[in-house]
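Q: Numbering follows our numbering, in which position 149 of the sequence shown is assigned residue number 348; successive positions increment by one, without gaps.
I should point out that these hints are in silico values taken from the structure, not numbers from a laboratory.
Quick caveat, the model's predicted, so the values are computed rather than measured.
Positions of the beta carbon are idealized from the N, C-alpha and C atoms, including for glycine.
Treat the hints loosely; a few may be bogus.
[To be verified] Derived pair list, reagent style DMTMM-like, types lysine to aspartate or glutamate, alpha-carbon separation capped at 20 Å: (1) LYS539 with ASP457; (2) LYS301 with ASP241; (3) LYS312 with GLU547; (4) LYS477 with GLU462; (5) LYS539 with ASP441; (6) LYS539 with ASP469; (7) LYS301 with ASP557; (8) LYS376 with GLU226; (9) LYS539 with ASP557; (10) LYS301 with GLU226; (11) LYS312 with GLU506; (12) LYS376 with GLU235; (13) LYS312 with GLU554; (14) LYS301 with GLU348; (15) LYS477 with GLU506; (16) LYS376 with ASP338; (17) LYS376 with GLU348; (18) LYS292 with ASP241; (19) LYS301 with ASP288; (20) LYS312 with GLU226; (21) LYS477 with ASP446; (22) LYS312 with GLU543; (23) LYS301 with GLU452; (24) LYS539 with GLU462; (25) LYS301 with GLU554; (26) LYS312 with ASP551; (27) LYS477 with GLU452; (28) LYS292 with ASP373; (29) LYS301 with ASP551; (30) LYS477 with ASP513; (31) LYS292 with GLU239; (32) LYS312 with ASP219; (33) LYS292 with ASP219; (34) LYS312 with GLU480.
[Unchecked claim] Now the in silico label distances, taken between C-beta atoms and shown as ranges: (35) TYR514 with LYS376: 21 to 27 Å; (36) ARG447 with ALA261: 41 to 47 Å; (37) ARG535 with ASP316: 23 to 29 Å; (38) SER217 with ASP316: 43 to 49 Å; (39) ARG509 with GLY489: 30 to 36 Å; (40) PRO374 with GLY505: 35 to 41 Å.
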Amino acid sequence: MSLLPCPQPPDWNIDWSSLDPLPWLREMLAVPQNPERHAEGDVWTHVHMVCEAMTRLPAWRALPSDERTLLFHAALLHDVAKPACTRMDSEGKITSRGHSWKGAVRGRQILWKMGIDFVTREAICAMVRHHLVPFFLIDSETPQRLAIEVSQTARCDWLSILAESDARGRTCSDPDKLLTQVEMFRQVCAEANCLDGPYQFPSDHTRFLYFRDPTRQPDVLAHDTFRADAVLLSGLPGSGKDHWIRDRAGEHEVISIDALRSELGVAPSDPQGTVLQKARELARGYLRSGQPFIWNATNLSRQVRGECLRLFHDYDAKIRIVYFEVPRDRLFAQNRARRKRVPEIVIERMMDRWEIPDLTEAHQVDYSIEG
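Whole structure, please, built from the sequences with the hints as guidance.
A: In structure tokens form, the structure reads like this:
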């Protein structure tokens with residue numbers, strides 16, 4: 200399927216008549232915002248103002264058509280999770296804490312159901328995930344480190360355009376401060392050589408260690424000391440992980456969470472402590488002996504993957520993540536064909552923590568994307 204209509208020259212008009220009926224955009228109607236930061240009103244009004252502000256920016260107009268379209272979608276989706284995240288804090292102020300992270304997950308679900316291609320979708324979701332970074336990067340303890348990290352998944356020059364649109368698309372007491380913060384973000388990224396692309400590390404291992412050791416410098420080469428080879432699979436049920444193992448496992452042993460559940464008589468809805476304990480014991484044995492292995496589970500969230508990756512790193516393993524994805528219709532068809540299919544409502548719930556692996560997590564990340 201195609202993306203939503205994007206403003207085009209020479210008039211740059213937004214076709215709101217085709218956009219406003221979208222359910223996820225209508226959800227923003229009447230969702231309140233902190234009046235100190237958003238005196239313009241509800242989230243729906245703010246998103247309209249941000250999109251209109253973007254179409255007026257010379258930097259956005261100067262982009263190629265496909266990049267303009269990508270950024271326009273990021274503007275439409277940047278606050279998509281505010282309806283779910285907005286609440287009153289303990290001081291009686293309106294807050295939407297966490298909406299950028301949840302917005303990336305929600306945006307991923309929306310764009311996946313629309314059939315948008317993986318690369319475009321993830322570029323949009325990265326913009327949503329990090330859209331607040333330009334406003335606080337300069338005040339962080341390590342602005343260069345944060346810029347380098349963000350650059351691994353998001354184009355920082357695009358992010359600055361989205362943030363400038365966000366700043367101009369609101370009514371607040373300090374718009375000039377916001378615009379200054381965006382400009383400082385651009386400067387830090389330029390000085391760190393990551394404004395228009397990801398920071399280039401001297402090796403995969405240097406990159407891997409940099410995101411685990413806050414004292415490391417990004418340009419100091421780290422020497423490889425691998426003692427094991429670990430592969431972690433990630434993907435929704437029915438996305439092709441088991442098929443890949445049958446074709447590609449080779450000399451790798453396989454730790455299958457589903458198989459361990461069956462062996463131990465533990466249902467997916469039961470507490471998983473004994474299953475994970477057994478899986479970790481197997482992994483430690485392979486890591487100590489240097490036997491290459493594959494850890495097969497959904498591993499959809501960064502937090503869950505992180506627990507495995509820390510274990511692998513403790514044993515000086517070279518870590519590879521392989522992520523699997525198929526179109527929505529095919530996913531559910533393949534899941535229904537499984538011997539032990541996962542209820543579709545469970546898969547839908549899994550998607551509420553659906554984070555795509557990236558190069559800040561492992562030495563190597565491969566994407567097996569169909570359709």
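Q: Confirm or reject each hint.
A: Hint check:
1. LYS539 with ASP457: holds (9 Å)
2. LYS301 with ASP241: holds (19 Å)
3. LYS312 with GLU547: holds (12 Å)
4. LYS477 with GLU462: Between LYS477 and GLU462 the Cα gap is close to 11 Å, so the pair holds against 20 Å.
5. LYS539 with ASP441: holds (12 Å)
6. LYS539 with ASP469: Given that 20 Å is the threshold and the Cα spacing comes to 16 Å, the pair holds.
7. LYS301 with ASP557: holds (17 Å)
8. LYS376 with GLU226: Judged against 20 Å, a Cα distance of about 30 Å means the pair is violated.
9. LYS539 with ASP557: Violated, because 29 Å separates the two Cα atoms, which is more than 20 Å.
10. LYS301 with GLU226: Judged against 20 Å, a Cα distance of about 15 Å means the pair holds.
11. LYS312 with GLU506: violated (29 Å)
12. LYS376 with GLU235: holds (14 Å)
13. LYS312 with GLU554: holds (16 Å)
14. LYS301 with GLU348: Given pair LYS301, GLU348 holds - Cα atoms ~19 Å apart, limit 20 Å.
15. LYS477 with GLU506: holds (14 Å)
16. LYS376 with ASP338: With Cα atoms ~12 Å apart, LYS376 and ASP338 stay inside 20 Å; holds.
17. LYS376 with GLU348: Status violated; Cα separation ~24 Å.
18. LYS292 with ASP241: holds (15 Å)
19. LYS301 with ASP288: holds (18 Å)
20. LYS312 with GLU226: holds (17 Å)
21. LYS477 with ASP446: Since the Cα atoms of LYS477 and ASP446 sit roughly 25 Å apart, the hinted pair is violated (cutoff 20 Å).
22. LYS312 with GLU543: Holds, because 14 Å separates the two Cα atoms, which is no more than 20 Å.
23. LYS301 with GLU452: The hint is violated at about 35 Å.
24. LYS539 with GLU462: holds (14 Å)
25. LYS301 with GLU554: holds (10 Å)
26. LYS312 with ASP551: holds (14 Å)
27. LYS477 with GLU452: Holds, because 15 Å separates the two Cα atoms, which is no more than 20 Å.
28. LYS292 with ASP373: Holds, at about 19 Å.
29. LYS301 with ASP551: At roughly 8 Å apart (the allowed maximum being 20 Å), ASP551 and LYS301 satisfy the hint.
30. LYS477 with ASP513: holds (18 Å)
31. LYS292 with GLU239: holds (16 Å)
32. LYS312 with ASP219: holds (18 Å)
33. LYS292 with ASP219: Violated, at roughly 28 Å.
34. LYS312 with GLU480: Roughly 38 Å between the alpha carbons, so the hint for LYS312 and GLU480 is violated.
35. TYR514 with LYS376: 21 to 27 Å: violated (48 Å)
36. ARG447 with ALA261: 41 to 47 Å: With a Cβ separation near 44 Å, ARG447 and ALA261 satisfy 41 to 47 Å, so the hint holds.
37. ARG535 with ASP316: 23 to 29 Å: holds (25 Å)
38. SER217 with ASP316: 43 to 49 Å: violated (21 Å)
39. ARG509 with GLY489: 30 to 36 Å: violated (19 Å)
40. PRO374 with GLY505: 35 to 41 Å: Given about 38 Å between the Cβ atoms, the range holds.
Of the hints listed earlier, those the structure fails to meet are numbers 8, 9, 11, 17, 21, 23, 33, 34, 35, 38, 39, in rising order.
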